[in-house]
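Chemist: All chains should be modelled from the sequences, with the hints used to inform the complete structure.
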Amino acid sequence: MTNTLHRQGALESLKRDYIVFAHTAKGINREGSAPKIREFMRICLKYHPVNMGDVKQGSMHQDDIAIESLIANLGEGTVAAAVFTDLDTLEKVVQELIRADLGICINITGLLDEVKECCRKAGIARHSAEHSLGIWGAKDRLPEREVMEFNTMCGHGMVSFNLIRKMIEQVRMRRMTPKRAALMMAKCCECGAFNPARAEALLERMRERGFLYSER
Amino acid sequence: MDIDKTKCVGCGNCHIICTMGAISLDAEGKSVVNQDECVECSTCWRVLRDEGYRAWYVRAIRKALSFFKLGYLADADLCPTGALTPPELTWPRILRAQFSNPTVVHPGTGVPGRGTDEIKSNDVTGRLRRGEAGIVVEIGRPGIGAFFRDVEKVAMALAPLAPIFEPENPVTHLISDFKTGRMKEDVLDEKILSAIIEFKTGMEKIPAFLGVLEKVQHEIDTVMSVGVASRCLPDGTIPHEEWVRKAGYTLSPNGKTNLGLGRPLFREDEP
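So the protein sequences, as listed, match chains A and B. When you line the first sequence up against the numbering used here, it's residues 1 to 216, in that order. When you line the second sequence up against the numbering used here, it's residues 1 to 271, in that order.
Quick caveat, the hints were computed from the structure, so don't treat them as lab data. All figures in this text were calculated on a predicted structure; none of them were measured in a lab. Where a beta carbon is used, it is the ideal one built from N, C-alpha and C, also for glycine. Keep in mind that a hint or two might mislead.
Claimed, not checked - Only some residues are given here: those of chain B computed to face chain A with a beta carbon under 8 Å:
(1) V32
(2) V33
(3) Q35
(4) A97
(5) P102
(6) S121
(7) L128
(8) A162
(9) G211
(10) D221
(11) M224
(12) K256
Modeler: Structure follows, in structure tokens:
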């Protein structure tokens, strides 16, 4: 799953975008991990994430998904994620996860220097890191930069270019609020990695500065 | 995905949700799926709520509204009649769902999503050790999709440099010859949302691999997202940064960090 690796956007926008997720390895720490993943999610929930979910059940913004039952039904082998929008909260989450000592693998996607500093403050050194080298190939087939900022928040590609354009159009026509349009996009993302607060802020910014003005 | 024509009222909501833009209206005003372009991600089926109305009822309401020159702006996440019908998939078409629908667990790896591990459990597996770099090439992402013949082109370009293809990766399972990178013949015409070629190599070979990707990117009719990973040094430094910069590429300011909280922690002196 590289689904959180290639998120695009301006630095200021990426400062409001941190995804914490739990993973396990078959034959090492996966077996019997379900209660630990549930505890991971309970810890995240205490700090009011803007999204959370797992690929097997969906995210908290989908229809008929109650957060308590989502956590209760988490099984081993799943990838559970929660999204936060500020570094202070992220630091608190990391500190509590260290104290909980769950033994499952914890990863964070976000600005690497900020996450490194967060680790330092928590008294740990990061173990491994991964960078994106961006998009290669037939880039002329891609839409405007603004559309890409929304689309790359769901790395599984569940938020279509057409839906993003439609939501931008609905906000432009004042038929939808930025918040409602952002939640509509979040509903498509299965794993809960989409950041609806950032999407809402991007739509608000568009309303102030203009819609889809950048080149493809 | 299939659409039940006896139920469809041609509202067009599924056209917008479709990740590949593979749904359109036919001559009868009903939605139809381009089966060559559909990647069986089932996003339309999962996201659109079935309102459970009968097709004749929806059409009658529309006619009545139209008579009075009235319109109704429905929510985008509805299928009024529940016309979307997920089909039973067989080989090789089932690969489309396995590589495009994140709720489907890859049978070979037991991991949902795109089925890869990368650095997510590197603290306990030691998959990437000191001096090694992991490279991921996700073909079709973002939002364009790819045929396995595109994936094969990239795999064949990389193969002469002798990458160590990740054994627990679903694309690796489809490569029939690791020396040439050739994939199984019967999968090449299948379209997926994206597929990740994942391999590791020595840190010093990063520039050579990126050079190969630089060339092959012009030979595929889609996009690819490239990532590089490694185990950090004890002070938290990321060793691959230097090699990527030397090769003339720009690193993203954001990325993924494994915090090293998994247990039992892998030790470098383990075999």
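Chemist: Please write out, lowest number first, the hints stated earlier that are contradicted by the structure.
Modeler: Violated hints: 1, 2, 3, 4, 8 and 9; rest satisfied.
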